[in-house]
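In the order they appear, the protein sequences are chains A and B.
Throughout the first sequence, residue numbering follows this note's numbering, covering 105 to 283 in sequence.
Throughout the second sequence, residue numbering follows this note's numbering, covering 4 to 193 in sequence.
Do not take every clue at face value.
As a list, the in silico BS3-like pairs of lysine-lysine whose alpha-carbon atoms are at most 27 Å apart [to be verified]:
| no. | chain 1 | residue 1 | chain 2 | residue 2 |
| --- | --- | --- | --- | --- |
| 1 | A | K258 | A | K155 |
| 2 | A | K155 | A | K208 |
| 3 | A | K227 | A | K258 |
| 4 | A | K208 | B | K188 |
| 5 | A | K271 | B | K188 |
| 6 | A | K271 | A | K258 |
Just so you know, the hints here were simulated from the structure itself, not pulled from any lab data.
Note that this is a predicted model, so its numbers are computed, not measured.
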Amino acid sequence: MPESVPSSLIIDAFKEIFQAERGAGKRHEPLGWVISVPDTHQKSVLAALDKERSLRVITCSTEDDANAVAAGLYMTGEPVIVMIQHAGLYASVNTIRGISMDGKVPIFYMIGLLSREKDKDPKDSRHSMVRFAEPLLDVFGIPHARMEGPDDVKLIPEYYRKSRERKGPAAVLVGLETA
Amino acid sequence: MMKPEEILELIAAARGTAICVPTMTTGPAWRTLAPDDLSVGCVGFMGGASALGLGLALGAPDRRVIVFDGDGSLLMQLGSLATIAGARPRNLVHLLFKNGVYHTSGSQETPGGQGVDFAAMAKAAGYRSTCTISTLDDLKKRLPALLSDEGPIMAQLMTGLADSTPMNSPPGTPFHQQVANVRAKVSAAG
Numbered sequence: 105m106p107e108s109v110p111s112s113l114i115i116d117a118f119k120e121i122f123q124a125e126r127g128a129g130k131r132h133e134p135l136g137w138v139i140s141v142p143d144t145h146q147k148s149v150l151a152a153l154d155k156e157r158s159l160r161v162i163t164c165s166t167e168d169d170a171n172a173v174a175a176g177l178y179m180t181g182e183p184v185i186v187m188i189q190h191a192g193l194y195a196s197v198n199t200i201r202g203i204s205m206d207g208k209v210p211i212f213y214m215i216g217l218l219s220r221e222k223d224k225d226p227k228d229s230r231h232s233m234v235r236f237a238e239p240l241l242d243v244f245g246i247p248h249a250r251m252e253g254p255d256d257v258k259l260i261p262e263y264y265r266k267s268r269e270r271k272g273p274a275a276v277l278v279g280l281e282t283a
Numbered sequence: 004m005m006k007p008e009e010i011l012e013l014i015a016a017a018r019g020t021a022i023c024v025p026t027m028t029t030g031p032a033w034r035t036l037a038p039d040d041l042s043v044g045c046v047g048f049m050g051g052a053s054a055l056g057l058g059l060a061l062g063a064p065d066r067r068v069i070v071f072d073g074d075g076s077l078l079m080q081l082g083s084l085a086t087i088a089g090a091r092p093r094n095l096v097h098l099l100f101k102n103g104v105y106h107t108s109g110s111q112e113t114p115g116g117q118g119v120d121f122a123a124m125a126k127a128a129g130y131r132s133t134c135t136i137s138t139l140d141d142l143k144k145r146l147p148a149l150l151s152d153e154g155p156i157m158a159q160l161m162t163g164l165a166d167s168t169p170m171n172s173p174p175g176t177p178f179h180q181q182v183a184n185v186r187a188k189v190s191a192a193g
C-alpha cells in the first residue's frame, strides 16, 4: 500500500539538488527556486516551504505562468523545481510543449494526484483526472515516476537529473497527500 | 498612433545590457534591429512573454528585462499581471503594444478591443507604476525613467499595426537556440 511522504524529506531532497547544482563558490541566495500553483495534495510541503529562508517560492496564477517563469530562471542559470497538480498539467500542456519540449528547457515537475484512492492503481481510479495523468505524460514522451512512500524520495533527484540530461521535462507524481 | 517599428528603434538605442523578450508582431522588426544573443522571442505558447520576463528578471536582478507584449497575447495569460506584482521584480519593464487586434491571425478585434485599459489592470494588480503613452515624443521623454525606475513597470503603448508579422516574415533563430544563447551569455557575464 502507498504511504504519505513527510514534507521534510521532500524539502531536504530539494535542497540537496540545489546545493549540487550550485556547486562551490557560486551564488547561494536563494539556494533555489520553487515555482508553484498551489496543490492540495502537496499542501504540507508548501506550508513548510513558507518557513524555509534558503528557498524562494514564487506562487503563480496559472501553470502556464509557472512554466514560463521556470524557463526564464533557467536561462539565467538558476535551479528551479515546479510544483503543480494534475489538473494544472492538463491546463498547461501547450506551454509545456512549447517551452520545455520544443524549447529544450529542462523543467522538473512535482505533480500531485489529488483524489487518488489509496487502494487503487491510478489507472483504475474512478476519477478521470487521476487516470489520465500518467497516460498524458506518456503521449508527450515525458519521463515520469510515482512517489508511493518515503523510500521513493530518491526519485526526486533522479528525475531532476533526467530533465537536465535530456533538456526537457521530467516529472515525479505524488501518489498520496504529503504529510 | 505610434508605429511599433519606431518604438523598437528607440528601445534598441537605449536598452544597454537589457534582456529583451519580444512576442508576436514585435518579433520580426526586433530581429532586424537587435540581432543579438540577449533577446528571446516568444511565439507558440500563447501569451507567455510576461511570465518568461519575470523569470529572467528574478534570475538576473542586476540587468533590466524588457518585455514587448501584445494586447492579444497578454489576454491569454492575464493572471501573469498578479504573478508579476506578487513577485515584485524591481528590474522588469512590461511594454504593452496595444493595437486592439490579433494582427498575426488576421486582425480580428481582441475582446473589448481598444476599450480595455491594461495599464489600469496592471496598477490594480499591484505594479509599482504604470502609464499610457500615445506619441513618440512622450515615449522619448519617458524612456529614461522606464529604463531606470524601480519595477515592475507597465507602459501601455498605443500603436498601429506592425509592417510584418511572424506569418509573413522569414523564421528567426529557433526558440531552443535563443534559450541556449541567452543562458550562455547571461551565465558567462555572472
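Checked hints:
{"no.": "1", "hint": "A:K258 to A:K155", "in the structure": "holds (23 Å)"}
{"no.": "2", "hint": "A:K155 to A:K208", "in the structure": "violated (33 Å)"}
{"no.": "3", "hint": "A:K227 to A:K258", "in the structure": "holds (23 Å)"}
{"no.": "4", "hint": "A:K208 to B:K188", "in the structure": "holds (17 Å)"}
{"no.": "5", "hint": "A:K271 to B:K188", "in the structure": "holds (18 Å)"}
{"no.": "6", "hint": "A:K271 to A:K258", "in the structure": "holds (20 Å)"}
Of the numbered hints stated above, the single one contradicted by the structure is hint 2.
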